[in-house]
Every structure is written in structure tokens, then in C-alpha cells.
Amino acid sequence: QQQVRQSPQSLTVWEGETAILNCSYEDSTFDYFPWYWQFPRESPALLIAIRPVSNKKEDGRFTIFFNKREKKLSLHITDSQPGDSATYFCAANTGGLSGKLTFGEGTQVTVIS
Amino acid sequence: NSKVIQTPRYLVKGQGQKAKMRCIPEKGHPVVFWYQQNKNNEFKFLINFQNQEVLQQIDMTEKRFSAECPSNSPCSLEIQSSEAGDSALYLCASSLEGSAETLYFGSGTRLTVL
Chain C
1 QQQVRQSPQS LTVWEGETAI LNCSYEDSTF DYFPWYWQFP RESPALLIAI RPVSNKKEDG
61 RFTIFFNKRE KKLSLHITDS QPGDSATYFC AANTGGLSGK LTFGEGTQVT VIS
Chain B
1 NSKVIQTPRY LVKGQGQKAK MRCIPEKGHP VVFWYQQNKN NEFKFLINFQ NQEVLQQIDM
61 TEKRFSAECP SNSPCSLEIQ SSEAGDSALY LCASSLEGSA ETLYFGSGTR LTVL
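In the order they appear, the protein sequences are chains C and B.
Using the numbering used here, you'd call the opening residue of the first sequence number 1 and step up by one each time.
Using the numbering used here, you'd call the opening residue of the second sequence number 1 and step up by one each time.
Please keep in mind that the hints were generated in silico from the structure rather than gathered at the bench.
Wrong hints could be hidden among the right ones.
What the hints assert, rightly or not - Now the stretches of chain C that chain B is said to cover, found in silico as 3 or more residues with beta-carbon under 8 Å:
(1) 13 to 24
(2) 86 to 93
(3) 102 to 108
As the list claims (entries may be wrong) - Here are the in silico distance ranges between beta carbons for each label pair:
(4) C:Phe39 - B:Ser81: 13 to 23 Å
(5) B:Ser66 - C:Phe39: 43 to 53 Å
(6) B:Gln56 - C:Gln81: 17 to 27 Å
(7) B:Ser81 - C:Arg61: 39 to 49 Å
(8) B:Thr7 - C:Gly16: 14 to 24 Å
(9) B:Gln50 - C:Arg51: 42 to 52 Å
(10) C:Arg61 - B:Lys27: 29 to 39 Å
(11) C:Pro52 - B:Ser81: 19 to 29 Å
(12) B:Gln52 - C:Arg41: 46 to 56 Å
Quick caveat: nothing in here was measured; it's all calculated off a predicted structure.
Virtual Cβ for every residue (Gly too), placed ideally from N, Cα, C.
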């Protein structure tokens, strides 16, 4: 059972456009939602994260919008750049001493100049 | 740049052989995780430790994998008898807090089982 789902599987945008990546989850006990990005042949790295107490988190060109009622969140990349081309993973965590991150399937983003 | 160090970067084994990989977590991070990332980019949690103690592990890890994080030595993950389906990128990550809120990943060990 996939606890965290992402869509679309892949996304191509032109340089300067806004890329929108979607994520939904099943477990209402999830209380922390980080997004990781992964470039080819590299390991994942934390990009931005949000907690359900907020419905928006912004960091430069990257913004998370969170809808707790619908158990959905999205990552918006404004003014997309070729260097943003990567696979983006939505993840969720329940916290606690033995907490572990549950990852979505990823969205591969390609930014064309 | 990640300060989690994983070795080797690449590992090639035949079916039935043992495969062992190591991880040095970031200094001061007491919690270590192992994930398997397959060719479809799917992450599978394998096991996590706090200091030397296992916090959680999945069934597969209990049966065919062995892992440890001894004090003053690298953590390790070993597959006792490799299978073709074990071919994947094995990622070690460390965290400052037990709740895994921010994972710092190593560069991974890419295992190929022939």
C-alpha cells in the first residue's frame, strides 16, 4: 500500500515557467512533510519541508502549499531553471523516536531552455 | 556536500555471494537509516539505529540482511546471499534527531547482482 503518492510521474516545463508537483497521503498521523530532490547519479538532498500547522512554506523559488483536510500538498517551482531538472520526492513522517520517512514515487522534472 | 560517507560506491556480486557495504554517519548524528532505492526510484526502508540499537527493521532485513552500527566503527549492511532482485542503490542516511526529520544521505552504494 503506497502511503505517499505523487503526480505527475514526469513533467517538462520551459525555463521561466512554474512547475507544479502534487503529493497526497493516506496516514493522518503524518506530521512532517519534507521534499527531497535528487540529481542523476547523486543522492537525495532536502529541499524544503512543512508541518501541518502551516498551509504554506516558501523558500526562494520553491513553495509548498498544504491542505490538511484533503491530505494533499504541492510543490511549486516558480521561474524554473535548467538547473532545477531533477527528480523530486515528497516524503512524510510520523515523528517519534523510531520515526522513519515514507517516500513517494517521485516526479521527474525537466526544464527546457 | 554530504558528510555521510558510504563505501564502496559500486559493488558487483554473483548470486549467492555476500555483499557488504559500509557507512560513516555525519559526526554527532546518533540515528542511522538504510534505504534501498530500486531502478524505478522507489525507496524501501530497511532498518534504522539509534547509536548501536536497532529501532525498526522490515522482515526482509531480519531474514537475509544483517546490519550493525558498532561504537567507534562504521555502520554496515550485509546481504548474506545476494539475489538478482537485490540490485539497487543502497542509501545510508543519518539524522540528528530520532524522528528522522531531516535525513542527510550518503552518496550510496550501487549493488549489481549478476
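Evaluated hints:
no., hint, result
1, 13 to 24, "violated (count 0)"
2, 86 to 93, "holds (count 3)"
3, 102 to 108, "holds (count 4)"
4, C:Phe39 - B:Ser81: 13 to 23 Å, "33 Å, violated"
5, B:Ser66 - C:Phe39: 43 to 53 Å, "31 Å, violated"
6, B:Gln56 - C:Gln81: 17 to 27 Å, "38 Å, violated"
7, B:Ser81 - C:Arg61: 39 to 49 Å, "47 Å, holds"
8, B:Thr7 - C:Gly16: 14 to 24 Å, "41 Å, violated"
9, B:Gln50 - C:Arg51: 42 to 52 Å, "22 Å, violated"
10, C:Arg61 - B:Lys27: 29 to 39 Å, "32 Å, holds"
11, C:Pro52 - B:Ser81: 19 to 29 Å, "43 Å, violated"
12, B:Gln52 - C:Arg41: 46 to 56 Å, "32 Å, violated"
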